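Asker: One letter stands for each residue in the lines below.
There are 4 protein chains.
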Amino acid sequence: MRGMGLRVAVYGGSGYTGGELLRLLVGHPEVGAIQVTSRQHAGSVVGEVYPQLAARERFVAPDEVEVPGLDVAFVAYPHMESAAVVRELLGAGVGLVVDLSADFRLGDVAVYEEWYGPHPAPELFGEAHYGLPDVFGGANGKRIVANPGCYPTAAILALAPVVERLPVSSVTVNALSGVSGAGAKATQKTHFVSANENVAPYGLSGGAPGHRHTPEIEEMLRRVEPGAPAVTFVPHLLPITRGELETIVVHLEDGTELPETGDVLGWYEEDYGSWAFVEARAEAPQISHVAGTNRARLSAAVDRRAGKVLLFAALDNLLKGASGAAVQNMNLALGYPESAGLEHLR
Amino acid sequence: MRGMGLRVAVYGGSGYTGGELLRLLVGHPEVGAIQVTSRQHAGSVVGEVYPQLAARERFVAPDEVEVPGLDVAFVAYPHMESAAVVRELLGAGVGLVVDLSADFRLGDVAVYEEWYGPHPAPELFGEAHYGLPDVFGGANGKRIVANPGCYPTAAILALAPVVERLPVSSVTVNALSGVSGAGAKATQKTHFVSANENVAPYGLSGGAPGHRHTPEIEEMLRRVEPGAPAVTFVPHLLPITRGELETIVVHLEDGTELPETGDVLGWYEEDYGSWAFVEARAEAPQISHVAGTNRARLSAAVDRRAGKVLLFAALDNLLKGASGAAVQNMNLALGYPESAGLEHLR
Amino acid sequence: MRGMGLRVAVYGGSGYTGGELLRLLVGHPEVGAIQVTSRQHAGSVVGEVYPQLAARERFVAPDEVEVPGLDVAFVAYPHMESAAVVRELLGAGVGLVVDLSADFRLGDVAVYEEWYGPHPAPELFGEAHYGLPDVFGGANGKRIVANPGCYPTAAILALAPVVERLPVSSVTVNALSGVSGAGAKATQKTHFVSANENVAPYGLSGGAPGHRHTPEIEEMLRRVEPGAPAVTFVPHLLPITRGELETIVVHLEDGTELPETGDVLGWYEEDYGSWAFVEARAEAPQISHVAGTNRARLSAAVDRRAGKVLLFAALDNLLKGASGAAVQNMNLALGYPESAGLEHLR
Amino acid sequence: MRGMGLRVAVYGGSGYTGGELLRLLVGHPEVGAIQVTSRQHAGSVVGEVYPQLAARERFVAPDEVEVPGLDVAFVAYPHMESAAVVRELLGAGVGLVVDLSADFRLGDVAVYEEWYGPHPAPELFGEAHYGLPDVFGGANGKRIVANPGCYPTAAILALAPVVERLPVSSVTVNALSGVSGAGAKATQKTHFVSANENVAPYGLSGGAPGHRHTPEIEEMLRRVEPGAPAVTFVPHLLPITRGELETIVVHLEDGTELPETGDVLGWYEEDYGSWAFVEARAEAPQISHVAGTNRARLSAAVDRRAGKVLLFAALDNLLKGASGAAVQNMNLALGYPESAGLEHLR
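Chains as they are written, first to last, in the numbering used here: chain V, 1 to 346; chain D, 347 to 692; chain C, 693 to 1038; chain F, 1039 to 1384.
Among the hints, erroneous ones may be present.
[What the hints assert, rightly or not] Calculated cross-link-like contacts (lysine-lysine; reagent style DSS-like; alpha-carbon spacing at most 27 Å):
no., chain 1, residue 1, chain 2, residue 2
1, V, Lys189, C, Lys877
2, V, Lys185, C, Lys881
3, F, Lys1223, D, Lys535
4, D, Lys531, F, Lys1180
5, V, Lys185, C, Lys877
6, F, Lys1223, D, Lys531
7, C, Lys834, V, Lys189
8, D, Lys535, F, Lys1227
[Unchecked claim] Beyond 10 Å from chain F on every Cβ pair, some chain D residues (computed):
no., residue
9, Leu436
10, Phe471
11, Val539
12, Ala541
If you're looking for bench data, these hints aren't it; they were derived computationally from the structure. Note that this is a predicted model, so its numbers are computed, not measured. Where a beta carbon is used, it is the ideal one built from N, C-alpha and C, also for glycine.
Required output: the full structure, derived from the provided sequences and hints.
Answerer: Structure below.
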């Protein structure tokens, strides 16, 4: 009986990550009652609004959630809207809040405000754990888990083992993402006719790359290796629904010997071998290898002619890049096996 | 009356570039009788085999072409099969051969043989003009025009004005191409189910990038600036039919001041302003801006935080990247306006 | 010089049909100055707003159009918005108005009002010619040409020759359309993630088929054969950008002998052989055979086991189903060759 | 430990249905050791050949399968290749063979031979159960379960409750299928460039519909109601990977009163309410509602104007249309819950 397990709430259940999360939680062996919010669909059965979800729960308005007794809350709100809800939930005594927005990812309020704007709850800034467990471990008692951005997840997984071991002088992340990454809002950019048979670079402003995932990647690499360089990040929108591929160009400091491809794969194995959802292979990953799974796949190639290292990372932006990771974070924070409820996504 | 114009032959009319070429030539105001070959479909009416082409010509076997009297021959064969046909056509007195294969693109037989294999007609190596007119002008009396590769076309158009003006120390070309670029042969890679909802890096071998368009890009950049660096070239297969986008990362030699984005756009205007099919814009190009046209679109962005220049190029791999360019090359070689027969593709 | 040709205006230039029309008119040999309206983009250069269009014209607001001296106006507005503009243009003396909306397609105000709502200019109802020339000929002096709906174009082309010759007792049109048919407005339905990897029947309401193209098909078939039956019309949205395929099931009255497939193809040849853009083939048409062209392709199959005739029709919804047809209608109304400006789309 | 459960073999593990089946069996709670065959990939680890499958099993050649001790064998071979293997497995004492080919679906050898060719094991014809449990129940002791075709599954689910209750005079099935339904073989038809941005009717021969799923649908409807009419079946290939939608047109005998839409939905509820994977809804089903699940979704609409009933059915051709159904059939034959191993696909 679901009623016997964890009491869980999903704020923002009508977006893509909220919907995906709901699907995972419904099948999670430890999860009991689920509350899910949607202003727009309050009162309706989830599976009638979203026929691809079998869930029989009803959407409630955010202020209808029964907060007392909640074990875990997931907040799938846009950045700058999330923080206030997180504060409220912590104040009401919820034991664990997994925030899928960008609000608690960065370690420095000033950097947040430079890239996003005024932060709604700066006093909580230090209370969050950056939830990329495969690199930074579990929450270790912190009550906020900041679920990483999808692009940073792929980039940090590929880069962390390298910047830790080699003197890297330049990093360029060429990222390709499916349209679900752009959110459920209907815009000209997400119109089928605009996105189909097209690829569009984005996140450029004033003739310079400026996507907000840039400081997140930089900060996390510098947690691993303080001397890590600034990162150039260029995302592109692809005509697919889900999945993300990053092709990352790494330059080493002058005079550094290039590694062998096998060295890099070995480092991945060393660092990620004990984690369930990160794998390295000699073959370059493709989006179809990971779409619909919670796996991240990594690979590397070394260009001796031109003196560079190429890293490749692929994942499903809605799973390992968002909702799958959120469940993994909950599992680790609460002491369940990392893969609980995610076994069929390995 | 078509009978009154140029007498033209297309060798290899059943591939994608051959078919596209045929479509352009049928509508070309100067072209008269067209012969088109296909071993497989000899005897059949083109428009019955390929219902999307209205052409009423019949395919003939290659040895049935009436060579005497031909004004122009286009050879759309795979590399290493093309050269022998080109030799034969020149020997038979054909005035102009536009070769769409890689056989006469490079200037150095040794480089060709390193990347492709034994060359079937090395004695003709010096008689070819590299047909990227927007950079290298018209054929100027040479009887072979080597039509450039689709990836090199985009890369060289974006890079030539920059390597000519700035001391470039590193070039990485991230290329994204539609599946028509992989050819008409049915393979696991081109199966809809493999390519759809996927993106796959390719051209990697033994853990290193090794696509054959690499030396072509390098050589042409060195014709422009002998000190141009080795090029890292990483192509990816996209789930679209046509079109190509390159996001190119350029590092300058230490101590060089970064240009403004507007400087780069200005150089493009300077170098390409008088050519019909190359345009620069402040906005990054998208594949949908050029698919179905003979245009190449260029743009640039400067990452001051990380000290790099990004260049963007988009074109239709079957038009400006192949058959449209072939017609442009024919026009220039024969003294017609550059855009003859291509007006509706501007 | 364009200034010397027809003076033309396109109302509603920022929708898909308006944009496509503009592209055709820019290349039309008889067209001179083009005015094009967009409330949203007034003042901007067309080719900057829509980089896939090379047009250098500037959008103007609708009330900025210089109406006096206009030879032709095209109105690409939604139904019920179009009629008022048409009335105004006729009042101002414009010689020919091609209306791409549904406002003047039907012959009976009551039927219009049943399916659409109150008609803004019922007094003009009788002054329009239904612009499917391949069946109903040119405008023959009428100043309004009602450009047909895309679905009715395919259905009537396939059905008219059959209902004229055989006693048809039942017609079911299964229609499949690309997303451009749903218009440029960004909605949940046209969101890439909704439409991709999906097919959705639509136009059903209250458990019954109710798409507004139904009465248009019925009326035109009854102009050909007054006893033609009611039509069941079931459209589906497909994950492609352009193109439309109809698979039509025809039952004959009891006791009628089924025709041979070749008979039906022969009737098509008889009725359409002298028209440029309708073709019949033994092979069933596919959307890729006609996308990007102004052609309609027809075919037939006879199911003797089950006693039915199947008809197939394919066309490009933005060309033969909208803007290509509009140009064809203009050509015929003004005495130009049917294919003027459309030659490259055959 | 997997070793403790059912011993299972999958013949033909490198096709799409075989691969999907493997994925389901790996996660099935009752399944232990799995053997999987592939001539081409014998010796390789499944997950290395097909990186989207995490399976660590190794492919074996068909004659390397350890048959003694097998509890269940699944045969995912083409029709006419399957029957001989099925015979051999039964002869070796395997308790249950689920055949995913067409070889044992029909009840009459003569009909099989008319549509397919000489049957390799006609003596087994009567020993098979047609495995559409939602209509025909479990295998009830028969050792061969003939897994239904994907198209017949959708058609029979939608039609059986109707032909049982109303005098149906005509049935036309318009079917739309993703490309995975055409199999893993690389052909011109399955080439990305052929299938993308296209829809193609198929299964027509000599100007008449002739797809082999026709007699399967007819026979099963006649098991439900001996007077059911011949079926017109027109499949179309869609540019999506998985999923199938059928829009079915039903005429009733003259003078029969049309049902209400709600009547039809009620019959579905009556007949399928106790089965896990068939659902009826007022809203027409879309492929995205069922892709990736084992659900079939049904709906209906009544066209009173034209006197017809429309039925809609959608399912995932690789799951409810093939491998999901195969697991469901195994579950029922062996007395497990219908949904065992399929819970996450509801």
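Asker: Take the hints in turn and mark each one as holding or not.
Answerer: Now the hints, each set against the structure:
no.	hint	in the structure
1	V:Lys189 with C:Lys877	holds, 11 Å
2	V:Lys185 with C:Lys881	holds, 11 Å
3	F:Lys1223 with D:Lys535	holds, 11 Å
4	D:Lys531 with F:Lys1180	violated, 45 Å
5	V:Lys185 with C:Lys877	holds, 13 Å
6	F:Lys1223 with D:Lys531	holds, 13 Å
7	C:Lys834 with V:Lys189	violated, 41 Å
8	D:Lys535 with F:Lys1227	holds, 14 Å
9	Leu436	holds, 33 Å
10	Phe471	holds, 33 Å
11	Val539	violated, 5 Å
12	Ala541	violated, 4 Å
Of the hints listed earlier, those the structure fails to meet are numbers 4, 7, 11, 12, in rising order.
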